[in-house]
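Q: Sequence:
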Amino acid sequence: MVGFGPIALQRLAKRVAIVIGAASGIGAATAMRLRAEGADVVAAGLQVERLVKVAGECGAFPFACDVTEESQVRALLQQAEDKFGGVDILVNAAGVVIPDDVDSIDDLAWARTMEINLTGTMRACRLMIPALIRRGGGAIVNIASVAAFNATAGSASYSVSKAGVVALTRAIANRYGESGVRSNCICPGWVRTPMSEQEMFDRAAVEGTSIEREFQVVAARNALGRVADPAEVASVAAFLASPDASFITGASIVVDGGARTPATARAM
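Just so we're aligned, residue -9 is where the sequence shown starts under my numbering, counting upward by one.
To be clear, the hints were calculated from the coordinates, so they are not data collected in a lab.
Note that CB positions come from ideal geometry on N, CA and C, so glycine has one too.
Straight-line Cα separation of at most 30 Å, BS3-like style, residue types lysine-lysine; simulated pairs:
#, residue 1, residue 2
1, K43, K4
2, K4, K73
3, K73, K43
Derived DEER-like restraints, expressed as beta-carbon distance ranges:
#, residue 1, residue 2, range
4, E202, A65, 38 to 46 Å
5, R124, A3, 14 to 22 Å
6, P184, Q62, 17 to 25 Å
7, N140, R203, 16 to 24 Å
Sequences are here, hints too, so could you generate the full structure?
A: Rendered as structure tokens:
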């Protein structure tokens, strides 16, 4: 993971953040970044060993939570209120990818993808919004994907779930803006995470190549010619959660290295 370097800003001092999906990837990097900017952070996720490691590295408070279980999300909120007095920032970064196309979608796989990526995000927002309002407002940052706009082969269920996250984000922004709640989402392109490494492993097995080769293939499609580090997405999350983004809500911020600019996309 790319380091943040010295963080001069303490934009999030005296704020309390819940980061769901904080055991690895973008969620872990975001927990670290928010902590570095002064927030008290409850780092939530399912992979307890990884979660404890991340929390130990940055001084966050780890909490095991499955977003498919409402009782566990309630317990997560209660933990933040008991330990830190409330919540000001919610980051939803939990996600799963199960490759499929429309003519081969498995109902159970579809349901699991929606339950984690979309319903889990909704469930966390539903429970946290009243808590944010009690504190005078706050910020929600949902992690969607460029797949919400550019669905590729093999990403049908995933793309639909992330498009739903974009729509949910905007619905929240519209409804709760007057209560001081800002809601934005980040739509990353390819990021070097355990989830994307698994995708590259699967592609490499089919193509007879290697993980690194498959990352090179997708990197060549964007203007910067590389994939992102999770820390680069985390920096956007920190901005959206901060007072610097005080007039930004309902936005979908694309962080894809220029992959959606075909005129500059690199040829292989």
